[in-house]
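Asks: Here is what each chain is made of, one letter per residue.
2 protein chains.
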Amino acid sequence: MSRIYLDPKDMPKSWYNIMADLPFKMDPYINPATMKPLQPDDMSAIFPPALIEQEISVKREIAIPTDVLDMLSLWRPTPLLRARNLEKALGTPAKIFYKYEGTAPAGSHKANTAVAQVYYNKIAGIKQLTTETGAGQWGSSVAYAAKHFGLGCTIYMVKVSFTQKPYRSSFMRMFGANVIPSPSNTTQAGRDVLAVDPDTPGSLGTAIGEAVEAAIQNKDTNYTLGSVLNHVLLHQTVIGLEAQKQMESVGEYPDTVIACAGGGSNFGGIAFPFLRDKINGKELRAIAVEPASCPTLTKGKYTYDYGDTASLTPIMKMYTLGKDFTPPAIHAGGLRFHGMSPAVSALMKNGLIEAEIAHQSDIFKYGMMFAHTEGIVPAPESCHAISSVCRKALECIEKGKTETILFNLSGNGFFDFPAYDAYVDGKLTDYEYSEEDVAKSMANLPKVNK
Amino acid sequence: MSRIYLDPKDMPKSWYNIMADLPFKMDPYINPATMKPLQPDDMSAIFPPALIEQEISVKREIAIPTDVLDMLSLWRPTPLLRARNLEKALGTPAKIFYKYEGTAPAGSHKANTAVAQVYYNKIAGIKQLTTETGAGQWGSSVAYAAKHFGLGCTIYMVKVSFTQKPYRSSFMRMFGANVIPSPSNTTQAGRDVLAVDPDTPGSLGTAIGEAVEAAIQNKDTNYTLGSVLNHVLLHQTVIGLEAQKQMESVGEYPDTVIACAGGGSNFGGIAFPFLRDKINGKELRAIAVEPASCPTLTKGKYTYDYGDTASLTPIMKMYTLGKDFTPPAIHAGGLRFHGMSPAVSALMKNGLIEAEIAHQSDIFKYGMMFAHTEGIVPAPESCHAISSVCRKALECIEKGKTETILFNLSGNGFFDFPAYDAYVDGKLTDYEYSEEDVAKSMANLPKVNK
Numbered sequence: 018m019s020r021i022y023l024d025p026k027d028m029p030k031s032w033y034n035i036m037a038d039l040p041f042k043m044d045p046y047i048n049p050a051t052m053k054p055l056q057p058d059d060m061s062a063i064f065p066p067a068l069i070e071q072e073i074s075v076k077r078e079i080a081i082p083t084d085v086l087d088m089l090s091l092w093r094p095t096p097l098l099r100a101r102n103l104e105k106a107l108g109t110p111a112k113i114f115y116k117y118e119g120t121a122p123a124g125s126h127k128a129n130t131a132v133a134q135v136y137y138n139k140i141a142g143i144k145q146l147t148t149e150t151g152a153g154q155w156g157s158s159v160a161y162a163a164k165h166f167g168l169g170c171t172i173y174m175v176k177v178s179f180t181q182k183p184y185r186s187s188f189m190r191m192f193g194a195n196v197i198p199s200p201s202n203t204t205q206a207g208r209d210v211l212a213v214d215p216d217t218p219g220s221l222g223t224a225i226g227e228a229v230e231a232a233i234q235n236k237d238t239n240y241t242l243g244s245v246l247n248h249v250l251l252h253q254t255v256i257g258l259e260a261q262k263q264m265e266s267v268g269e270y271p272d273t274v275i276a277c278a279g280g281g282s283n284f285g286g287i288a289f290p291f292l293r294d295k296i297n298g299k300e301l302r303a304i305a306v307e308p309a310s311c312p313t314l315t316k317g318k319y320t321y322d323y324g325d326t327a328s329l330t331p332i333m334k335m336y337t338l339g340k341d342f343t344p345p346a347i348h349a350g351g352l353r354f355h356g357m358s359p360a361v362s363a364l365m366k367n368g369l370i371e372a373e374i375a376h377q378s379d380i381f382k383y384g385m386m387f388a389h390t391e392g393i394v395p396a397p398e399s400c401h402a403i404s405s406v407c408r409k410a411l412e413c414i415e416k417g418k419t420e421t422i423l424f425n426l427s428g429n430g431f432f433d434f435p436a437y438d439a440y441v442d443g444k445l446t447d448y449e450y451s452e453e454d455v456a457k458s459m460a461n462l463p464k465v466n467k
Numbered sequence: 018m019s020r021i022y023l024d025p026k027d028m029p030k031s032w033y034n035i036m037a038d039l040p041f042k043m044d045p046y047i048n049p050a051t052m053k054p055l056q057p058d059d060m061s062a063i064f065p066p067a068l069i070e071q072e073i074s075v076k077r078e079i080a081i082p083t084d085v086l087d088m089l090s091l092w093r094p095t096p097l098l099r100a101r102n103l104e105k106a107l108g109t110p111a112k113i114f115y116k117y118e119g120t121a122p123a124g125s126h127k128a129n130t131a132v133a134q135v136y137y138n139k140i141a142g143i144k145q146l147t148t149e150t151g152a153g154q155w156g157s158s159v160a161y162a163a164k165h166f167g168l169g170c171t172i173y174m175v176k177v178s179f180t181q182k183p184y185r186s187s188f189m190r191m192f193g194a195n196v197i198p199s200p201s202n203t204t205q206a207g208r209d210v211l212a213v214d215p216d217t218p219g220s221l222g223t224a225i226g227e228a229v230e231a232a233i234q235n236k237d238t239n240y241t242l243g244s245v246l247n248h249v250l251l252h253q254t255v256i257g258l259e260a261q262k263q264m265e266s267v268g269e270y271p272d273t274v275i276a277c278a279g280g281g282s283n284f285g286g287i288a289f290p291f292l293r294d295k296i297n298g299k300e301l302r303a304i305a306v307e308p309a310s311c312p313t314l315t316k317g318k319y320t321y322d323y324g325d326t327a328s329l330t331p332i333m334k335m336y337t338l339g340k341d342f343t344p345p346a347i348h349a350g351g352l353r354f355h356g357m358s359p360a361v362s363a364l365m366k367n368g369l370i371e372a373e374i375a376h377q378s379d380i381f382k383y384g385m386m387f388a389h390t391e392g393i394v395p396a397p398e399s400c401h402a403i404s405s406v407c408r409k410a411l412e413c414i415e416k417g418k419t420e421t422i423l424f425n426l427s428g429n430g431f432f433d434f435p436a437y438d439a440y441v442d443g444k445l446t447d448y449e450y451s452e453e454d455v456a457k458s459m460a461n462l463p464k465v466n467k
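Chains as they are written, first to last, in my numbering: chain A, 18 to 467; chain B, 18 to 467.
Treat each hint with caution, since some may be false.
The list cannot tell twin chains apart, which means a pair is met if one copy fits it or any two copies do.
As the list claims (entries may be wrong) - With a straight-line Cα cutoff of 25 Å, these simulated PhoX-like cross-link-like pairs (lysine-lysine) come out:
| hint | residue 1 | residue 2 |
| --- | --- | --- |
| 1 | K444 | K262 |
| 2 | K299 | K334 |
| 3 | K105 | K26 |
| 4 | K299 | K139 |
| 5 | K262 | K26 |
| 6 | K112 | K26 |
Think of the hints as simulated: they come from the structure by calculation, not from any bench.
Construct all of the structure, not just a fragment, from the sequences and the given hints.
Replies: Here it is as structure tokens:
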């Protein structure tokens, strides 16, 4: 059997907080107004108390509220599969396992944190939410959760993805969300970017700025973020916690854990519970895979920067290409972010994880191979992980060694057929990041004295 | 917990053949060339020996080959869920359970028989397959299975669905299939229909004719059908067999089993194992739901008719609206078939099952409600079942009684956002079938003396 289930009664009842186990100190967030370390209260204009508490918590286990567990149980535990057909097609001695998050509402792991975030906003009395979305996986998940809990929501969708993925805005609209292509004229943050380049494809950094601005202006409105922050990655650890139990049930433990990384949430979600073992002495490689066109961890600088183009978010110590960096219009819209989760960045800086890049043509090549063998069309974001897995599995043949690889198949690609069409028709372009653009965007780093 | 898993080791190892238990005699198929009862050999031009044997078998249990089981185990057992959020939204005392087939490759139950059919063709030495597809769920599933087993395939896709669901042809192309909008100029069957009406939206009956014609002409090419025939419904019984075990594991048994019906395969798949219990004395209602625009079971005639417009298929005793009936261009393309599975038809004729119609506006209304509450966007076909379930659950409130309802959520609607857009924008039209059209198409019934 390829499929390794977990009994629903064995679903994790708590999230795992890696902050409790880090063998180094995290640098504080900086308040962009005062340029001093951010205080919990500084976040209260956009986040509810429970999420602020989780953002700064160092408690190892944080209980999942019953109402959230109930919703998660609609699609969790998700299956773990041994990719036997892919192994066979590659001819590799490696054992490849994948955790499949694509059966969640809206088709990706993003629902794991969307339901938690909307729940905490609901119990704090918030009526409206704003957010950004790249590929649309996050926006769709927020729309679903907001509909369930009876909140309204406005979603700033990066313009290039809005055009590339029309079914995504249909999904959000179907769930009652107000979807606005970003940059838009509805915010100062959007107008400022349009003034410089009216034809910009947009970026996650710009859309975040628009959503934060809209949230700050209304007392009953909060902002939700789909990645980057500690509390978001915390909610995603159900992925790795389940995978640990499932691997154990078949007597396996990964040598290597692989996931794509845009803001870091699906990588953190699967890797953090395993990194706890690594911190405690277990041998393990954890690899984040990012697009060649937006190589934050591999080519960025580890320094303080804003999370958004409009400089409204807290300033965070992270790998960054500069807040003004606009990545090329690749199809993996979820990975077009100039920065990276501070936690993932610090793990990288301290040598606990590794990072790799993948080219667009390569990720679709291996994504197609995965679809043909395993029967699941992967999201372009997840294809980054798949391409790295396949490269490692092929190395195993050359080197005549075996290896157990676990990766996070973070979402399905049912919304991404225009991208697959472009690949099949040979119309897909590879993009490199532009050193000149990065040099420019790096010139605008905030000056933090700490 | 809403989710009721089945341990992969408890997956059914055999299909259930209802032919062993029918309390009445089935009428034989008729050979359209000789107008005499069809002999097994008559089918050998388009089907492999194993499928012909299954088509006429009266053996109760037919073992699933290991290679097929291996593939099924990529997505099976599928989850059974209690629709607690939907129950709450309706305010009903009814207990609603659904079997979710949308996690299969290509997003619907069709893969269950696609892998079996392609496997049997492969071991019979067949190199190429032809088939028709309405909504595209069947064509996508065949493309996936053919790619896996290394066969080529040509898929005649009903023209209106080809236009309504562009991502479906992308899916099939991605899996290496040759997709042709039907009616086409590539076959006599297609040319004949185009000669009468060049602007026809097409129909499953026409596409079947094209695919059969293409298969007959080549010795190494066979035809595969996604519904209607006994062997197809046989392969789908894994759905009901799993559901029985899952219901039993939580101490439940359905009062009513509901599924949509186009050709009858997802209805038969979930209902047949339960109908075995009914034949053996258990109380149970089994309800097939069909579109108001193509009401085969509810308004059709139980008589001998062709399965296709071109009169190439065997003549079958079934409920039919006449082979030349072209249903209106509704979004549930999988239900636009003039006929109905002979087995399902005979069960209807003999009072063992019931049938209902649903209007397009109603099915999207309840489909949206289902998505909002259960987090799964249902395929328009499955929305027919959902609308019937909701009506029954609302009746329970009026009548102050409880009821346990099980339905088959046969596929997801990730390919159907243009339809949901039309509903959200108030642009969806309801269609009735045309009595005049049916009278015309009924005039062409074959004359069978038996």
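Asks: Does each hint fit the structure? Answer for all of them.
Replies: These are the hints, each one checked on the structure:
In this assembly of identical chains, K444 and K262 lie within 25 Å of each other by CA distance neither inside one copy nor across copies; the values are 42 Å within and 48 Å between. Taking identical chains as interchangeable, the C-alpha atoms of K299 and K334 are never at most 25 Å apart, the minima being 27 Å within one chain and 67 Å between chains. In this homomeric assembly, K105 and K26 come within 25 Å of each other (Cα to Cα) only across copies, at 23 Å, whereas the closest approach inside a single copy is 34 Å. Neither within a single protomer nor between protomers do K299 and K139 lie at most 25 Å apart by alpha-carbon distance, with minima of 40 Å and 46 Å respectively.
With identical chains, the CA atoms of K262 and K26 are at most 25 Å apart both within one copy (12 Å) and between copies (18 Å). Only between protomers do K112 and K26 lie at most 25 Å apart by alpha-carbon distance; the minimum there is 21 Å, versus 28 Å within a single protomer.
Taken one by one, the earlier hints fail for this structure at numbers 1, 2, 4, listed in ascending order.
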